[in-house]
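*Asks:* Taken in sequence, the protein lines are chains A and B. Start counting the first sequence at 417; every next residue gets the next number (this note's numbering). Start counting the second sequence at 417; every next residue gets the next number (this note's numbering).
Be a bit skeptical, because a hint or two may be false.
The list treats identical chains as one, so a pair stands whether inside a single copy or across any two.
Unchecked claim - Quick list of in silico lysine-lysine cross-link-like pairs, BS3-like style, CA-CA up to 30 Å:
id: 1; residue 1: Lys-487; residue 2: Lys-574
id: 2; residue 1: Lys-463; residue 2: Lys-507
id: 3; residue 1: Lys-507; residue 2: Lys-543
id: 4; residue 1: Lys-678; residue 2: Lys-574
id: 5; residue 1: Lys-463; residue 2: Lys-574
id: 6; residue 1: Lys-487; residue 2: Lys-507
id: 7; residue 1: Lys-574; residue 2: Lys-543
Keep in mind the hints are simulated off the structure, nothing from the lab. If you're wondering where the values come from, they're calculated on a predicted model, not measured in any experiment.
There are 2 protein chains.
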Amino acid sequence: MILDRRQAITTGLVATAATTLLPAAAMPVSARDAATSGQPPAYYRIKVGGIEVIRVHDGVAARPLDASFVKNAELADVQAALAAAFQPTDKVVIPFTTTVVRTPQHTVLIDTSLGEFGPPTAGAWAKNLAAAGVAAAKVDLVVISHFHGDHISGLRGKDGTSAFPNAKVMVPEAEWAFWMDDGQMSRAPEAMQAGFQNVRRVFGPIAAEVAPFTDGQELVPGLRVMAAHGHTPGHSVFLVSDGSDQLLVWSDTTNKPELFVKNPGWQAVFDMDGERAAATRLRLLDMAAADRLLVAGYHFPFPATGHIARDGDSYAYVPVFWQANL
Amino acid sequence: MILDRRQAITTGLVATAATTLLPAAAMPVSARDAATSGQPPAYYRIKVGGIEVIRVHDGVAARPLDASFVKNAELADVQAALAAAFQPTDKVVIPFTTTVVRTPQHTVLIDTSLGEFGPPTAGAWAKNLAAAGVAAAKVDLVVISHFHGDHISGLRGKDGTSAFPNAKVMVPEAEWAFWMDDGQMSRAPEAMQAGFQNVRRVFGPIAAEVAPFTDGQELVPGLRVMAAHGHTPGHSVFLVSDGSDQLLVWSDTTNKPELFVKNPGWQAVFDMDGERAAATRLRLLDMAAADRLLVAGYHFPFPATGHIARDGDSYAYVPVFWQANL
């Protein structure tokens with residue numbers, strides 16, 4: 417090794433780069449496809465005993481951060497929590513990740529994301545489902561946690577066709593009772609009218625076939641409902657289990673964990689019954705921490721899967737250790 | 417919606433699944449390829465101004481956990497730290513993630529992983545490089561942080577050929593001086609002999625061309641060396657910067673953050689000069705936290721990128737918020 421070649425080598429790199437660039441045609445196809453930019457497909461598999469769970473990401477939506485986002489916290493405290501998580505403080509970036517549950521007999525989809533109705537920062541869901549090997553025609557059950565637009569819109573395209581034509585659709589009984597009630601719609605504030613209309617767009621054409629579920633019901637073997645009302649009137653979470661292996665599909669028990677796992681008493685603007693949502697949140701955080709449950713959160717950062725740890729008087733979110741080999 | 421259809425629908429799902437399974441030939445190619453199992457390719461892109469950084473994962477290695485792993489901590493405390501991170505306590509699972517830095521003129525690879533020399537739980541590196549669009553022939557500079565086997569072995573295949581035939585190789589001057597010294601090798605304990613031999617296997621054939629670097633040196637525009645000695649005699653980290661955007665390539669300043677970010681004074685069995693490694697670790701943790709630097713850690717969980725936050729008298733690792741859209 418010649419020590420005084422140091423500068424020459426650094427300078428010489430430009431020439432080396434120019435002469436070793438290969439034409440694209442000489443590259444393997446996989447490299448050529450991926451070469452320009454972009455992340456890998458955003459899905460992540462988890463084994464729960466003999467059940468395969470796949471987290472499938474749709475993207476994110478950003479909204480300007482103002483005092484309305486957390487109904488019972490000071491804006492400065494919310495900004496401080498975001499800064500502590502190394503996230504922007506002038507906006508809230510909310511990710512969306514749905515869940516596929518493949519049992520020996522069934523391919524179940526829990527929630528359907530924004531589908532064709534999201535902002536440009538979302539909309540990767542169909543592509544990510546395909547990359548994960550989930551064919552829409554093979555989904556035989558769609559389970560809905562609650563009727564907010566980011567959980568139901570993708571069930572039906574802009575042209576009115578079903579995105580999962582061979583799937584039964586099951587929904588929380590209390591959710592259906594609230595949102596499909598025309599009296600509730602007529603009494604609701606203007607800001608909620610679009611939500612009621614979207615529920616009718618999605619479920620109207622299949623209203624006679626939609627099946628309700630209630631607390632404790634086993635939807636298919638290994639997938640059980642747990643009522644978690646408050647965020648919405650029928651908001652539900654789901655326990656996937658096979659033997660002693662368990663995964664809790666958290667739905668919107670918390671929105672961003674950086675805010676609402678750390679501060680369970682904070683009520684997001686989306687929590688329709690803020691007090692009840694916070695009580696449910698505390699109950700499920702306590703259960704997840706005590707039982708060391710793996711938790712799949714709809715609004716957790718991708719891969720949107722992790723554990724809940726006690727942290728003093730509060731809780732902390734611990735993202736899953738990425739398993740590249742299953 | 418007919419409420420009393422609930423049981424019939426649940427029961428009926430088995431029949432529905434059987435009739436809606438499509439033959440594989442009817443599925444799109446992308447779905448067919450991915451359908452059976454497996455995770456997406458494990459790479460992750462980061463923009464540092466106009467520089468593209470790609471974290472490329474190789475896999476993990478597990479070693480039984482015993483009292484030797486942390487030289488100056490009680491085994492029970494190490495086990496407790498792993499349990500707090502929801503990781504196994506009977507073994508230590510160590511991930512490996514290398515770094516590609518693409519500047520307008522150069523494709524630089526920092527460290528070369530285990531290559532063909534890893535356990536079955538590793539070895540995905542070449543596949544992940546290709547998936548990320550990094551052709552081996554286009555790498556024009558390989559930079560080595562230090563000479564431990566998991567950082568250099570992949571530079572050369574089992575057949576002796578270079579994995580990056582068009583690349584210059586640059587290494588820490590102090591690292592070269594130590595490991596290439598036959599006197600050091602002769603005085604080293606038996607457990608280190610394989611390491612010395614591996615250094616000779618990797619660098620012997622190119623000894624005359626390898627270029628040394630020292631603290632503060634700019635290797636290519638936007639990539640600067642920072643000496644971080646202690647883990648090994650010449651262990652180095654690297655600052656990637658473009659304008660005000662920065663990323664610190666952390667190398668082995670810490671091994672697993674669950675242990676050594678939280679407990680910077682703990683000395684891993686791999687820290688050759690334990691006291692000096694701990695002092696360097698504290699200095700860089702303090703710098704990363706104070707400057708809110710994005711940090712790429714070789715042994716962080718994939719995507720192996722995040723921030724360092726002060727946490728009482730210690731520090732915490734905050735994984736990056738996954739950006740699916742660049």
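*Asks:* Among the hints numbered above, which are violated by the structure, and what are their numbers in rising order?
*Replies:* Hints 1, 4, 5 contradicted; others consistent.
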